[in-house]
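Chains as they are written, first to last, in our numbering: chain A, 19 to 995; chain B, 537 to 963.
Incorrect hints may have been included.
As the list claims (entries may be wrong) - Here are the computed lysine-lysine pairs in the DSSO-like style, where the Cα-Cα straight-line distance is at most 27 Å: (1) B:Lys819 <-> A:Lys821; (2) A:Lys222 <-> B:Lys922; (3) A:Lys819 <-> B:Lys819; (4) A:Lys807 <-> B:Lys824; (5) A:Lys930 <-> B:Lys545; (6) A:Lys906 <-> B:Lys663; (7) B:Lys663 <-> A:Lys444; (8) B:Lys545 <-> A:Lys906; (9) B:Lys949 <-> A:Lys56; (10) A:Lys961 <-> B:Lys545; (11) A:Lys106 <-> B:Lys949; (12) A:Lys818 <-> A:Lys807; (13) A:Lys275 <-> B:Lys766; (14) B:Lys819 <-> A:Lys818.
Simulated from the structure, these hints should not be mistaken for laboratory data.
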Amino acid sequence: MAKLLGIDVGSTTVKVCVLGEDGKILYSSYVRHYSRVKECVLGELEKIRPLSDTFQACITGSAGLGIAQRGHIPFVQEVQAAYGAIRKLYPDTDVAVELGGEDAKIIFVTGGTEQRMNGSCAGGTGAFIDQMATLLNLTVEEMDALALKAERVYPIASRCGVFAKSDIQPLLNQGASKADISASIFQAVVDQTVSGLAQGRRIKGKVLFLGGPLFFLKSLRKAFKTTLKLDDEHAIFPDTAPCFMSIGAAMYASEVKAETLDSLAARLSVLSDGDSIAVGEPLFRSQEEYSEFISRHMRSDLEFEDILRYRGDAYLGIDSGSTTTKLMLITPDCKILYSHYQTNNGQPLDIVVQRIREIYSLIGDRVTIRGACVTGYGEDMMRAALKIDFGVVETMAHFKAALHFNPEVDFIIDIGGQDIKCFKVKNRAIDSIMLNEACSSGCGSFIQTFAKAMGMEIEEFSRLGLFAKHPVELGSRCTVFMNSSVKQAQKEGASVEDISAGLSSSIVKNAIYKVIRARTPDELGNHIVVQGGTFLNDAVLRSFEKETGKEVIRPAIAGLMGAFGAALYAKENTSDNTLLSTLASEAELNAFSYSSRSVTCKGCTSHCNVNVLTFSDGRRFVSGNKCERGAGLPKPKDLPDIYSFKYEKLLSMPDADAKGERGTVGLPVQLVMFEQLPLWTTFFETCGFKVQLSDRSSRELYFRGQHTVASDTACYPAKLMHGHIESLLDKGVDFIFYPCESYNLDEHDSVNHYNCPVVAYYPELLKANNERLNDDNLIMPYLDPNSEKTTVRTLHRALKKYKLPASLIRRAYRAGLERMEAYHALVVEEGRKILARAEHEDRQVIVLAGRPYHADPEINHGISKLLNSLGLAVLSEDAVFEEGNYVKVNVLNQWTYHARLYRAAEFVTHRKNVNLVQLVSFGCGIDAITTDEVRAILEGSGKLYTQIKIDEINNLGVVKIRLRSMLAAIEEQNRRS
Amino acid sequence: MKEKITPEKPTVDFTDHFPVFTAEMKRTHTILVPDMLPWHFDLLIHVMRRAGYKVEVLHNEGRAVIDEGLKHVHNDTCFPALCVIGQYLDALKSGKYDPEHTAVLITQSGGGCRASNYIPLIRKALKAEFPSVPVLSLNFSGLEKGNSLQLSVSEFIKLAYSIFYGDLVMTCYNQTKPYELTEGDAAKARVECVEKMKAALDDGSFKKLKKCAKYILNAFAAVQVSGEEKVKVGIVGEIYVKYSPLGNSHLEDFLLSEGCEPVVPALMDFILYCVINTVNDAKFYGQKRLMAVAFRIVYRWLYGKQKKIIRLMKKQGRFEPLHDFEHLRRCADQVINQGVKMGEGWLIPAEMAALAETGTENIVCAQPFGCLPNHIAGKGAVRAVKMLHENVNIVPVDYDPSATRVNQENRIKLMLATARENMKNRK
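Chain B extracted, bound-state conformation (with noise of 0.2 Å):
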């Protein structure tokens, strides 16, 4: 290690004035969310008032929004920085929020991508139009300090249940609304469930993980489905685009227009991915001891969780269980190396042998043009995979401002003609 010399030179601040969200404004501000996961984000947002903040999840999208982005970020910046910023400016400009009461949330990983850099570049977009609005960032890793969303530990909790219900509501609805017999069945039981588990975070009782989960598990199981067999379609990819609907083009709703069934990965996997990185970095690297210790007791209690709500759906058992974090991280090992920790890193490949085990051999990888980590562990790694799964199916899809939604589904429409002749094969 280099050796650090005092430093003889002073520092010279090239920073430009923002504003800073003071405590005062968490009364007096209106918090923009971006789009990511509709019914996760409904339950995040539910525990942020809670908490006293006010917070509204942007639903804004269109062409409007992309050249909005467009005008703001770099072109070579990727994509889900530039929906995002679009979205937040096509808002501020709608003239529903007030500039001067209207702040703006971002999360931040604090990893070697470029994703760790949002911040600046939405405060240089709004800096040219609506320099007033602050900036927030919610993150882990100690990053803008004075200047991220200040939660309690007991708030923290309640935004990892939300986490583990969402996904679980995800999960149960991807699999009864491609079979579901009466149209709008499956979208009921959801609205159902998310409904209840709001009043659990009210109440306290979302603590009673068995139970919740068990509701939310019946309400699905409720719906009347056919028993017919659909292509299974996964989808792993940039944490964005694999989710918002902006970002992949609604994904999920074409698939299902094409008769498959979306398989799309548990948020909380993420998570755990972003915890355990740090806990490696320390097994690795020996940095951060102290704080890889912290994270270990974090990973156990999620992962912990995680296995319970996975018992109770193989118990249940009408349900594809969610992976088991420790599993993905076995697959992950088959194929590529836990210290690729950037961007989604060696998640990507872990979703694809995971998804590829249990069935669900067609894989859409979903990703911003030029995506940086990507290169490495998305398109890069495909090789790696088929050749443990022969059979398995992957299509790597770039998003981009001006990729044409033709282009996509046409890539995706070839990687469905395989996996019905594969499906026809297998009868």
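Extracted from the complex, chain A is given alone in its bound form (with noise of 0.2 Å):
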């Protein structure tokens, strides 16, 4: 008798099972593949060959689709696999959350099914918690182990692996427990499984948990049952759970033909390799192609200098990176007498440390440090803790370290491990940097996790390329996105040396094309040095000029160019060559200790998690706060800061002591509402009603409100609108007012005055995806402001229940707008006063230029504060835009909000001390279009342009180091004119 066999192939192991007549499991497995499918399978099936002569098959899975067409044998989507399973299994299940390698699933069985599979965006997935073990340098076992000890939980954004890492490293330097932060991960995954897949319906009743990472992590389980309240008996753990979808194949496979094992085998054995994947060309067709590359960048290196035979003086730069501690140690005529380079492990600072103790021991007294410089991440940190005499924003040190390889360079590139940076240089001042976004970042540390995945150390890994024949094309995205290309390619029978060149070109190509967003090789320049530790990867570095078409200069020392570039500062910076540096000596290090501790502070509502490192000799450093309260500093001398005025002023808008006779409004501040809170609390007082505004922004608000987030790639702000409205709800308010409002106020100064899409229409969404909202207690009317006649019929019928007159919304309506002029021209004004002290002070001042809500701290992160904290004093895009001139674009200018950015830009223009920086949120697609219009402005007119990207993620590492990048550029300018 036959039996049935199930084959689940997914993105990272092959599970198999075999079932007996009775449904009895005979056998079943759980085996990595490292991407080599065809031969996982084949060596699986050998080991059921005692269990029967012949077997009916089927394959389920997401990587086993191709291998079950080209191999003629039947397929059933996973998810229907467990769906059927499950039934059979676990009748009385209510819903089945499934976590796999790169997908998550979620399966409601009563009450309606649903089967729903994560978007093409979001991690929250088993490869997401192998790549942050790479991260932390764990095993995942160790990291769930150390999870079950944690304290505390961060908050994690988990949508893709890019922006947890952004999250999670400024608290690994910060000195967070591994353990807090290996449950942090978990939690996330749950958070994101509950928001992500569920979508608004709420996971209730017996639930099944099924897949690997289900199966082996403890922590996660114990995550997902607190989560979700479940007690043991409705949280169902199956024995069964990391193979449970080959028992659903294997249960599909009984409408199957029998047939032997060998011919099973001999149909999977002679797969072809696919041929719908694009190849590229080779990196290198023969050994002396190779080994001509290898002697021509043989020829830019450094002299060494023996360390334990030198004396004289010597200057120390450390550059203490994200992911990566670099020391080095040079003489006045810049030989290296000492470097090192390392993964940081969570622990810069003991690294650190422990190569200076090795430094000073090394050169006894033969060598004086004149002065030490440090660079990176961990700046602030490595010069509180180990009193060095200068810091330096990173991209000034790699700018240093490239002019001493070719004075003549003009354009720098560095990959590093998680960051890409790029520069332009005219007259040997940077002319313009730019930084990866969070989400192009598929940088160095992406093939280093996957060079683990397949089993290989990243050498080796990388070296495998070198030759590799057809190198595929893997897109150039996001890891996420390479990770879906690489499992195609995988399918499609690619082997591991064509998928690790293919790495290396999408790698290069992320970064010309997406960073430097270069149309043609030519605008990156002729001379071009391109370094960091990603270019030590020969295939990097030759596909990197195999694309530009051009000989480039990748020093020996590429990996430690940060380093270099600081000792180059510290030296020029060092006048005084008969003094000491400040760099802790010997025996204070002998005697260095520290411990770390975190805790929320309480200097403002924002409730920063801080983290405070105390030193052995009494002193502390408090890292992670947003502003200088949470440091224990007090606050700088008041800088003006437009964003906190606006925000301010407009949640002050309601009355406090109306009375409300009619009853009470709830109007949600985000999105079209937050620029017209004026005009609405207005109406509505007049009209009779009190005004209750939704909570203040927060991370809080925006987990109370995201069950109900329908798409999770929408802008932040449309996402925390949903914790507005639940705030709202929660007040008992009689209704919310949101008005749907295709066109914004016209100013006059565009073709036309739409609002975007999301702003436009987002009640529309809300409404269809919160169940709590109904026609009642959600007023939605769709308005053009500009029309009055048409506003207050409108609105008149909207409020019909209320029996308003006719009269009196009108007259409520034309408060509301005198009301919203007034605001107008305060903020204008405000700019003015501003703009004048600024002179008078002789101060940078920076126009953050975004979008009326972007004036919400959640939603900029503090990002106004930071720039006081640099010195500088902020305006904001509606305080100066109708000081510009107009402006004719090339794009079609038709939104409100946009068209002021134009305007403002041009505003600056003609300001000598007033820079912009454009603050764009994540996923805006109009933002898409506007940047460049405005970088164009900017820059017809010799302005720097600076982007931040913002989202929900709050990582101000990396916004400072933009904007200090910012301001030593402008400073270069400056010194120039």
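Relying on the hints, combine the two individually framed chains into one complex.
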């Protein structure tokens, strides 16, 4: 009698299961396939040979489709397979959650069957956990064990690995415990499943948890149980969880014709490589080509000096990067005495202390360290801990280093573990800087994670790519996408060599076309210096040269350029060669130790999670704070910040003493309502309502509404709206007023005056996806605020219940518009004051140009305060655009809020001390169009363009680097002119 | 409304110089059109050629096209823009066209969605490598004056008929192809109908709607079909990825290969949607009243023709008729307000509901990754449609240059598995 065989080929594992006639499981296995799918499946088949002569086979799984098709084996979609098995094995299940390598699925069994899979931009899966484990330098098992001992949970974005990394890296650098971070990672996965997958449907009743990660990881199980409030009876973790889909597939096989294992294996083993994957050119055609390439790059090297014999002065440079720490000690004539490159393992301070101790022991009293300088993410902490003389923003450090190798350099590209930085250089000064945005980060650490997933060291993995014959084309976007491209390539049978070469070329394309946004390679310049650890990888370097068609300089110390630049900076800035560096002495270092603890700052309503490092000599260092208050420092002299001004003014609009004889109306403070608060507050108060605003935005508020978010790729302000609505519903207002406005106010400076689609129609989405909303408690009329006649008519109809006379509505609406104009005049007036004061104090001014609702501190993450802390006065686009001339731009100028950006930029071009920084919401499709235009306006008149992408992640570290780099560049510019 | 202050400020011009399509170019230049609906376009192009334009539809695809697009378009810009620009550049680079005598054509809706901005994006992309290639706009909002396709009223009428016949051919084909007994019969009928319509456009008989529609209906009805029941899958979504095989990785072919019947709503519905939005704007906000009156007339005329075709289809009896646009509007009203007019707006949920009503409960909602109007009217409206039609089985699929087919197909397969299950249960 034939046995039933189910094979589940996932993105990382192969699961095989054999069922007997009675449905009993005779065999089951769970093995990683390391991309060798075919071999792995064949190997597994051999193991089941003794069980039966013939099998009825069925394949399932995301990577199984291709095999099934080409091998003519029946295929069943994996969720369907699971669904079948659930109904047979656990018929009383209400909901099943399955986490796999790269997919997350949820099946609602009762109350309307529904099956969902994660969208294409959703991490929160097994691969995500693997990636995070690599980042923490732990195995997944260790991470699991640690998480059980966690004391607190930090908010971490799990939407995609890149975001989570940006959240985790600062935590690591601040010294948060790995146990806490591990627990936070698991919690993030749970949040992602609950919000991203369930999308408004509650997970309740008997819940079945399936898939490898949920079986093996106790912490993850615990996090799910706690979050969903399930007891043991309602949370079921079957022993068959890892291979559950294969059981389902086996069940489906009952209708399949039986055949022998040999015939099955024969069909599988002859599977040819796929033909539909795009392939590129090999990196090297011959060994000679490779040797020529190697010897050419050997020329760019520094000389070494023997640290054990050298006598004299020296300068120390430290680059405390996000994933790696680099140190370099140089002589005054730039010879290397000592260098070190190491992965952080989350403990950068320990590494630096250890290395400096080593340096001290090597140099004895022959060498005097005259100056030291630190750069990178850990700059502030290192400086505080080790009393280092100088700190320099990393872009500057890299530039200094590149200049040393080629004084004519006009383009520098640095690809590190997590960052891509590019600078264009004019007249020996940085002209423009490009950093990667959170989304296109697929940088060096991606290859590393991938190499590990393939069970290889990164060196070995990338070497394999050098002579690949058919490198696969993997696209040029973010990590998550590349992961599925790789999956596709594997499915098509691409070799590890081809994938390795493909990854290298992806990274390069990502950098050139997405970060630099070059249209042709000639735009990059003629004297290119490439650096960063990732370029030490010959495959990446070669891909870069091939893509650009240029020979570039890669210094042999490519991975140490930051440290070298820092050392050069220390040298240049040490004017007195008789003084010693302030760096902690050998004795001080030997006595050095520190402890870290994390606390919640109660300085203001932001409640930042701050980390306090206490050093052995009693000094303290605080990090993670958004403002100075958290650091326990007095506020610096109150610098002008129009963002806080606007926010407070808007929130103070409602009259707290209003009686509200007609009832209470709730206004959600985001998107279109944000700037129109004066209008609608006054309107409703005049009509006899009390106005209740939603709570102030916060991450907690976001989480409160997260379960009703329908599209997780919408911008953060939109997603935050869900929380605002929840808060109003909880306050028990009579109704929420939130109009749909295709058109915003016509400011007569653009072709049309639309709102963006999200701003215009978000109430529709809220109503469709929040079950607590209905026609009674959400009033969302379609209005054009420019047309009094129709607006009054529409409002009259919408508020019919309250029997307001039309004349009152008209009067109230006019009063509202007046208040709105008054508010706007106030903002403009404040802007003028700020400008005048800045001029008087000779202070740099930044026009932080975004949208009105970016004034919400939860949206801008306190960037205005950060600018203040750098000594800058802050203006906004709405305060200055009317001072700018009218503009004619290339693009169709048809959105009210965006039209302001162009005029604000035009205004900036006339002012010497004013620069513009554009705030862009992640996922804002319209900004994809405005940014290029704003850039063109600014650069046309020699101004720098800086863009900051904001999202739910709060990583001011990166923003700070960008802003400091900009300031350094402005300084350079001013010095030249 | 804010009062307009007399502009005491001058206007600064930041626009780049770009080539303009002059009157002579009509004779000297070949106009390239991106691929979207192969059969409709065949007829439309035919009309434009008769109007004296040298027009050619691009059929190039593959990785090179996407790569060109990626190189020239911002990461966050919509996928359709990327495909279209990729097609243009790939074609211009192929050497088949003389860049000095080539122009490209794109439609422009003038709505609040960023799709109205394709023209500047295309200009920017062309500027880098083919600075002499002008971009032509096809729009009805008076945008790009002097740089748009100049067609007479009678030519516009011809275009309208072309779309009606294209829709009819597409609909009949989709309902015949999955069931044909002899492989290739449906395709043969399709070619035959398109050729016949071209001839009708030439000799003026295209205006005999009844005769032409009957011809098409009979041609497809003559195809021998099996009586088996197949899973019907509706395709709704953003206009480009909904129709274009390049945009949606050949979704229709995939569905056919899975043994399904693809149900693709008519292109005319989108045109009617655009027309009625102007009428609605006047009703809602009192804007552009005069234009609205004109649009109302256009609407009535088009809708009358559509009704006629539907009547003929019903009479013929073999095919599930096109959606009645007035009915679509009523469907929309149950789910979303007709004020949602950017992008494909309310049309998407309306089509979902109409499909569900007519027995096509399985629906792929095709959208470009990160499409703004689709957040609201696509993904955002699914739950509302489900509340109305309990059994509806909708899968939103994101299309993106780097989203792989495996990923997309896997999701669709999941939807199909449920669909098959539902079909079995009904029996």
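Each hint tested on the structure:
| no. | hint | in the structure |
| --- | --- | --- |
| 1 | B:Lys819 <-> A:Lys821 | 23 Å, holds |
| 2 | A:Lys222 <-> B:Lys922 | 20 Å, holds |
| 3 | A:Lys819 <-> B:Lys819 | 23 Å, holds |
| 4 | A:Lys807 <-> B:Lys824 | 14 Å, holds |
| 5 | A:Lys930 <-> B:Lys545 | 20 Å, holds |
| 6 | A:Lys906 <-> B:Lys663 | 18 Å, holds |
| 7 | B:Lys663 <-> A:Lys444 | 24 Å, holds |
| 8 | B:Lys545 <-> A:Lys906 | 13 Å, holds |
| 9 | B:Lys949 <-> A:Lys56 | 22 Å, holds |
| 10 | A:Lys961 <-> B:Lys545 | 22 Å, holds |
| 11 | A:Lys106 <-> B:Lys949 | 22 Å, holds |
| 12 | A:Lys818 <-> A:Lys807 | 17 Å, holds |
| 13 | A:Lys275 <-> B:Lys766 | 24 Å, holds |
| 14 | B:Lys819 <-> A:Lys818 | 19 Å, holds |
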